[in-house]
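Enquirer: Starting from the structure of chain A, add chain B where the hints point.
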Amino acid sequence: MHQSTERYQRQIILEGFGIAAQEKLTNAHVLVIGAGGLGCPILQYLAAAGVGNLGIADDDIVSIANLNRQILYGQDDIGKYKVDVAAEKISALNNQINITVYNQRWNQLLSIEHFPKYNIIVDATDNFATRYLINDACVLLNKPLVYGAVSKYEGQVAVFNMSLNGMAINYRDLFPEPPKEDEVQSCAEAGVLGVLPGIIGTMQATEVIKLITGIGNPLINQLRIYNAKKQELYAIQLTKNALIAKIFPTNIPEFLQTNYQSLCEVNNNCSISINDWLLNKEKFLLVDLRELNELPRINQFEHFALPLSTLKGNWKDLTNKDIVFICQSGIRSKKAAAMFNGTDQKFYSLLGGVDQLVQLKII
Amino acid sequence: MHKQISICFFGQLTDITQCNTLAIDNPGTVSLLQNLLVRQYPNLSHSKYTIAINNKMVIEDQPIPENAIIALMPPFSGG
Numbered sequence: 525m526h527q528s529t530e531r532y533q534r535q536i537i538l539e540g541f542g543i544a545a546q547e548k549l550t551n552a553h554v555l556v557i558g559a560g561g562l563g564c565p566i567l568q569y570l571a572a573a574g575v576g577n578l579g580i581a582d583d584d585i586v587s588i589a590n591l592n593r594q595i596l597y598g599q600d601d602i603g604k605y606k607v608d609v610a611a612e613k614i615s616a617l618n619n620q621i622n623i624t625v626y627n628q629r630w631n632q633l634l635s636i637e638h639f640p641k642y643n644i645i646v647d648a649t650d651n652f653a654t655r656y657l658i659n660d661a662c663v664l665l666n667k668p669l670v671y672g673a674v675s676k677y678e679g680q681v682a683v684f685n686m687s688l689n690g691m692a693i694n695y696r697d698l699f700p701e702p703p704k705e706d707e708v709q710s711c712a713e714a715g716v717l718g719v720l721p722g723i724i725g726t727m728q729a730t731e732v733i734k735l736i737t738g739i740g741n742p743l744i745n746q747l748r749i750y751n752a753k754k755q756e757l758y759a760i761q762l763t764k765n766a767l768i769a770k771i772f773p774t775n776i777p778e779f780l781q782t783n784y785q786s787l788c789e790v791n792n793n794c795s796i797s798i799n800d801w802l803l804n805k806e807k808f809l810l811v812d813l814r815e816l817n818e819l820p821r822i823n824q825f826e827h828f829a830l831p832l833s834t835l836k837g838n839w840k841d842l843t844n845k846d847i848v849f850i851c852q853s854g855i856r857s858k859k860a861a862a863m864f865n866g867t868d869q870k871f872y873s874l875l876g877g878v879d880q881l882v883q884l885k886i887i
Numbered sequence: 005m006h007k008q009i010s011i012c013f014f015g016q017l018t019d020i021t022q023c024n025t026l027a028i029d030n031p032g033t034v035s036l037l038q039n040l041l042v043r044q045y046p047n048l049s050h051s052k053y054t055i056a057i058n059n060k061m062v063i064e065d066q067p068i069p070e071n072a073i074i075a076l077m078p079p080f081s082g083g
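If you read the sequences in order, they're chains A and B. Counting in our numbering, the first sequence runs from 525 upward without gaps. Counting in our numbering, the second sequence runs from 5 upward without gaps.
In isolation and in its complexed conformation, chain A is listed as follows:
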């Protein structure tokens, strides 16, 4: 038996699969945006299954907090670019795969330039700005989008922008406008069970393989919500939302002009950068809004630990200084600053929070 046929023998012998489906996989081009919790298992299974051409996009580096769920990476990879490690691991798994890496934060220009080269786009990102950007690009460039997202113990998976019964649903039909940053907590804020992106990512890889080979019923115009605590899968039939026509970029120039980041930003100007705060530290009182079990604690700087859940408004009793709020990633602190500003005392949110202080080796 030919070596490559032998490699895929267990799936080739499946009824309805055969050499024909395997050849479709070999010839397919799939772009996975995000090489994190979802991206790792997606890339592994697509490479193992013999998807011939894989694009991997991510601009992040491996950190120790990634390792509970981002299973392509090990302790020795901390500090390396995710795309480089992922490409190396994928090649070691299957050297017959052509890999293209994009070591960049995904943006509109990259979408316009590279989406036409791929048959399927996979959304494995971790933020709303990029999710809406990718969705809109897929609609404008007519690309199937395999969507997955996780939060705490739950995950969502769907296939968007594929026509079935004359209807092609996209992400905006389901959620027309991006939530603001402080409306929905990210994994960094809310936490995520390590195996959960493994399950959802594997479901996304399954959908990619089904779409390429034509096997089974892909989740076109369907949403599945998985609950790990209950091992339940909730099925939703999606429908077209006529109201989104007004908010959708209708052509490529309009798409390029859309500022996706600002769609998700909370409008206020009460943020302070770590540099500005460090330079003027004595002018401010630092208040740590995290719950007392959130780590690492701040030992290097004088501060008050007042968890957001216990906050009251009696700031004048505490200090006449302006106040700098800090939390884990800068989301709760932004919310608190917006909440208290308006009195004669000024309230700021420290950009990037404790995560950024750790990253910069300040604490």
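Hints listed in this document are in silico derivations from the structure and should not be mistaken for laboratory results. This structure is a prediction, so every number in the text was calculated from the model and none was measured. We put the beta carbon where it would ideally sit given N, CA and C, even for glycine. Treat the hints with care, as some may be off.
Taking CB as the label site, the calculated pair distances span [to be verified]:
| hint | chain 1 | residue 1 | chain 2 | residue 2 | range |
| --- | --- | --- | --- | --- | --- |
| 1 | A | 782 | B | 35 | 26 to 32 Å |
| 2 | A | 636 | B | 66 | 35 to 41 Å |
| 3 | A | 547 | B | 65 | 47 to 53 Å |
| 4 | B | 60 | A | 640 | 33 to 39 Å |
If you only want the chain B side, here are some residues facing chain A, beta carbon under 10 Å, derived [said to hold, decoys possible]:
| hint | residue |
| --- | --- |
| 5 | 18 |
| 6 | 28 |
| 7 | 51 |
| 8 | 77 |
| 9 | 79 |
Expert: Chain B only, in chain A's frame:
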């Protein structure tokens, strides 16, 4: 005996409701249900979510059938 409906809350909506499911008397329509839920859980008015009735997503206000299962689905960002 009132005719009841069940409501399933997903994702971080359960942080607001402190429950995954809720059985209530059928308020009649989607908008009446939303008003009722916001009275019970004021923070829901700050949350984005999409509604499904009996596993079908709904866009516009419409009557809620007896014994319906309603899902409130928020967007997730994590990856």
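Enquirer: Work down the list of hints and note, for each, if the structure agrees.
Expert: Here is how each hint holds up against the structure:
no., hint, in the structure
1, A:782 - B:35: 26 to 32 Å, "holds (31 Å)"
2, A:636 - B:66: 35 to 41 Å, "holds (39 Å)"
3, A:547 - B:65: 47 to 53 Å, "holds (50 Å)"
4, B:60 - A:640: 33 to 39 Å, "holds (34 Å)"
5, 18, "holds (9 Å)"
6, 28, "violated (19 Å)"
7, 51, "holds (7 Å)"
8, 77, "holds (7 Å)"
9, 79, "holds (4 Å)"
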